[in-house]
Structures are given as structure tokens and as C-alpha cells.
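2 protein chains.
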Amino acid sequence: MPDDSRSAELFEQLARIGKAVASPRRIELLDLLCQGERGVEALARAAGMSVTNTSQHLQALREARLVETRREGVRIHYRLADDDVCRFFLSLRDLARSRLAEVERLLAGYLLDDGELEPIGRDELLERARRHDVVVLDVRPAEEYEAAHIAGAVSIPLGELEHRLGELPARAEIVAYCRGPFCLLAPQAVEILRERGFRARRFLDGLPEWRLAGLPVATATEGAP
Amino acid sequence: MPDDSRSAELFEQLARIGKAVASPRRIELLDLLCQGERGVEALARAAGMSVTNTSQHLQALREARLVETRREGVRIHYRLADDDVCRFFLSLRDLARSRLAEVERLLAGYLLDDGELEPIGRDELLERARRHDVVVLDVRPAEEYEAAHIAGAVSIPLGELEHRLGELPARAEIVAYCRGPFCLLAPQAVEILRERGFRARRFLDGLPEWRLAGLPVATATEGAP
DNA sequence: CCAGTATTCCAGCGATTTCTGGAATAATGG
DNA sequence: CCATTATTCCAGAAATCGCTGGAATACTGG
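Taken in order, these protein sequences are the chains called A and B.
When we follow the numbering used here, the leftmost residue of the first sequence carries the number 1, and every step to the right adds one.
When we follow the numbering used here, the leftmost residue of the second sequence carries the number 1001, and every step to the right adds one.
Quick caveat, the hints were computed from the structure, so don't treat them as lab data.
The reader is advised that the hints may include incorrect statements.
[What the hints assert, rightly or not] Have a look at the derived ranges for each label pair, beta carbon to beta carbon:
hint, chain 1, residue 1, chain 2, residue 2, range
1, A, Asn53, B, Glu1102, 24 to 34 Å
2, B, Asp1123, A, Glu104, 54 to 64 Å
3, B, Glu1146, A, Glu41, 53 to 63 Å
4, B, Gln1059, A, Glu146, 41 to 51 Å
5, A, Arg171, B, Glu1102, 40 to 50 Å
6, A, Glu146, B, Ala1220, 57 to 67 Å
7, B, Leu1126, A, Ala101, 35 to 45 Å
8, B, Asp1094, A, Glu72, 30 to 40 Å
Owing to the predicted nature of the structure, the values given are computational and were not obtained by experimental measurement.
By construction, the Cβ of each residue, glycine as well, lies at the ideal position given by its N, Cα and C atoms.
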């Protein structure tokens, strides 16, 4: 009982989504877009690829309806079409992690993921942040912090961390977070902080997981007088 | 701050999964494998493609660690590597449905999906089946019924339905199910049954959703004396 | 050990994808 | 309306993918 052409069309449609996530470049763009809206050039810079190429990949993502655009003057901002896309991306990521031994091997290769960083989970972080028991530190680029960050978090992009250590309290425990468990920013931040004598740990997740869990998120830098 | 080569490798790994679901043929194979384990030739027959080609696609799925094999004599059975793969497949399918208008259009084109079939949900079906208030009818090929079916369901593959109507009670309501909401078997069965004067409805989901929800599943035909 | 069957390997081709660099388009600020 | 900037469109070249058909391999049952 071979399938008729009608269901073939359906599988063709599902494969549109599949094709969209079949390229490492597009995966990286999705990863960045999970952090929030961003312009073409900024995406190209963050991903280390040419603007032309970035634009092309973004078209592919748009053709699969995974992203949408918004024009602001001469600039065009891309964003995920909705939260389901982010959720799907995370489930792809988690599947890769659980199925592909190579992923775990690569993560382990960064030396710092296991117990080393004393990772802290969502619930514990929420609880302790509420009691002002820890300082939550966002080490992603400023642009991403502005787009969305954990409510109450301080922003010091990794590149500026060494110069700005003075802004951090010497006593309190610092919890650094970044894009997610596959991102290297927070681990590197923890390493730097510890070398300088701070008590630092890593947040197990990243901003997207926090946001999707419905926990408090803030945008821009409003609130600091 | 362009990403270094280490995270590039990570994205490469994620893309392995993406590439695996970038082909409509492989999507169809995954859909079939969500119903249960199956041999190469059976998969080829069900998907209407050559054995050689099927084998090749299955290799691709195995390379991405989405499927595993089991040898039984001269035959090789393929199965999903674990439930997470099935869950991922369902989330891909649901994302396609919510994001791609074409999918909804195609489903509507089958004429029969809306209120027409009076679809019944998981909880209601479970409740009514428990009270023996409905007959649950599996209209998938016998092979898939044997691999796994809703506990208590009767098997009449769609192709044999017209000849075997006598096996069904004339009074009771019949709920037909198949592979899932994208599958045409149950809708066609409902159509046939109604033409012959039966009261028939469609189950909203398919076997995979039922199984992943932890609801009772049976294998083979054991239990019928 | 041989014949038979199920599956995989392999070469080759046409189609598709990816990246690059240059040209075209769209909105802005004088 | 022109120069500027951001983005997209458009070839063209290299790499990859998907399908086919024939050969090779692996196991079974005699």
C-alpha cells in the first residue's frame, strides 16, 4: 500500500523545516536569534560570516517560516517567528546532546563543564536571586543583554570582564550565565572570576530556557538611575 | 567576537540531526518507525521506494544515531534509537503544522479532518474505552498493529475493511485510529464505515502519541483465544 | 559447503546547496 | 534629488546529495 502523492506533499513540507536546520551556519543563526531580535550585520559579525552569506541563510530560514523580519529605517531586524521555534531548536539541541556522543565529548573537551563549575539550576537560582543571595551576571554581548536578560542581572560582556571586576562585590557569590549549556562565555567568565579570587558558579541553562520557563525577564537597561 | 572553531564543531554536530530530517523520504521512514520496529523491505514497500534507496536513507538515519538495528537471521530490523527521537519527530511535525500554512491547507484538502470526523481526544477515548463504551479500531497494516497497538483495539487494516465489516458491532460507536493526525488511513476508514451505516469517529492522535503519553499499549495478537 | 535471500556497498549522473564577489534595490539624511 | 548605508539579488564554481542499477557481503537452511 504505497503512499499516494498527497502524503508525499506533506512529508515535503516537514522536510522544509528539516532543510532549514540542516546547515551548521543556520543552526548558529538560530542559536543567536534565540537570544533575541537582531540585525543582519550584527548576526553576520557574531557568527563570523559574510553579510551576503548571512542574508542568504536568513532567507532560507524565512522560507521555512522560522523567522520573521521587521524594518526599522534602513536596517532589517530578524527574529524567531514564535516561541515554538525556540522550543524546537532547544529540543534539537537536547536530542543531539543525548544521542551524539561527540557532543558530550566536545563539551567535556572545554574542561569546564562537569562538577568543576558547580552549575546551579533554574529553581535554585530563582530562589537565591530573590533573596539577593547571589549576583546574577550576564556575560553575553551587550546587544543580547539589551534584547532580553534575566531580571535583575548585571551586564558585563566577557571581553570587558577583566577591566570591570571592580563593579562586582568581592564577597557575594556570582552566578554567570550566557546563551545556554553549549555556550562558552559563562564557563570562561567563571574561570576568570575564580582566578581573581571571586566565588563564581555557572548557571546550567541560558537565557532562552529561563524565558521559556516563564521566569522574569527584562529588556534594555531601564531601571538603573 | 566571532565564534572560535570549537563551537563550529558543535553546530556541525547539531546539523547532523538536521540533515537527517532534511529529506522527505527520511521523514517518511521516521514516521513509519514511530509505529514500531520494521525490516528494510517492509519499510521500502510501505514507503513505495526501492529497497536500495531505502537502505541508503536508513544508513543516513543511523549515521545520525536516530535509529538502531537488530539482526534476526537474514533480516535486519530498524527501530528508533529511543523515545526521544519519536518525541523530536512529533515536535518537528507539530512545528510544521503550526508554522506552515501549506500543511493545514493540505490537511483541509483531504476534506475530512475538521469537525466532519468528530475527532475524539486521548482522555475521552481512554475513559470510554475503559467503560467498553466504544470499539477502538486499528486500521493500520497488520504489521504495525503487531508491533504495538492501543490495548484492547481490534485490527482491521484499511484494505480489508470492506470485507470484514461483519466483525464489527452494528450498534456501538467505533473510533478508528492510525499513525497520527497526518495519516489518511483513519479518515478513510471513518468514511467507509459511515457509508455502511456505522457510527464512526476518528481518534485525534495516532499510536505514537498514545504510547508516549504512557497509556496502555499491547503487542502482537496475544490475548485472543 | 552451496544455493538462496536480505541487505549493503559502490560508481556514476543529474539536481541541489553553499559560498563568493559584483550588481541592484530600498530607505535615509542632507 | 544625490550620496550613503544596509540588504538583497544574481551568476558561477566547488561540493554535496539523491536516485539507479549492478556487484559484493552476510546469514540461513539444507
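> Taking the beta carbons of asparagine 53 of chain A and glutamate 1102 of chain B, is their distance inside 24 to 34 Å?
Replying inline: Hint holds: Cβ distance 27 Å, inside 24 to 34 Å.
>> Quick check on a hinted range of 57 to 67 Å for glutamate 146 of chain A and alanine 1220 of chain B, using CB atoms only.
In response: Holds, since glutamate 146 of chain A and alanine 1220 of chain B (Cβ atoms, about 59 Å apart) stay within the stated range.
> leucine 1126 of chain B and alanine 101 of chain A, beta-carbon distance inside 35 to 45 Å?
Replying inline: holds (38 Å)
> aspartate 1094 of chain B and glutamate 72 of chain A, beta-carbon distance inside 30 to 40 Å?
Replying inline: Between aspartate 1094 of chain B and glutamate 72 of chain A, where Cβ atoms are some 32 Å apart, the hint holds.
> Range hint 53 to 63 Å: satisfied by the CB atoms of glutamate 1146 of chain B and glutamate 41 of chain A?
Replying inline: holds (57 Å)
>> The hint says 54 to 64 Å between aspartate 1123 of chain B and glutamate 104 of chain A; measuring C-beta to C-beta, is that right?
In response: violated (37 Å)
>> Just to be sure I understand the hint, the distance between the Cβ atoms of glutamine 1059 of chain B and glutamate 146 of chain A should be within 41 to 51 Å; is that true here?
In response: holds (46 Å)
> Regarding arginine 171 of chain A and glutamate 1102 of chain B, is the given constraint of 40 to 50 Å on their beta-carbon distance met?
Replying inline: violated (58 Å)
Checked against the numbered hints given earlier, this structure breaks hints 2, 5; the rest are met.
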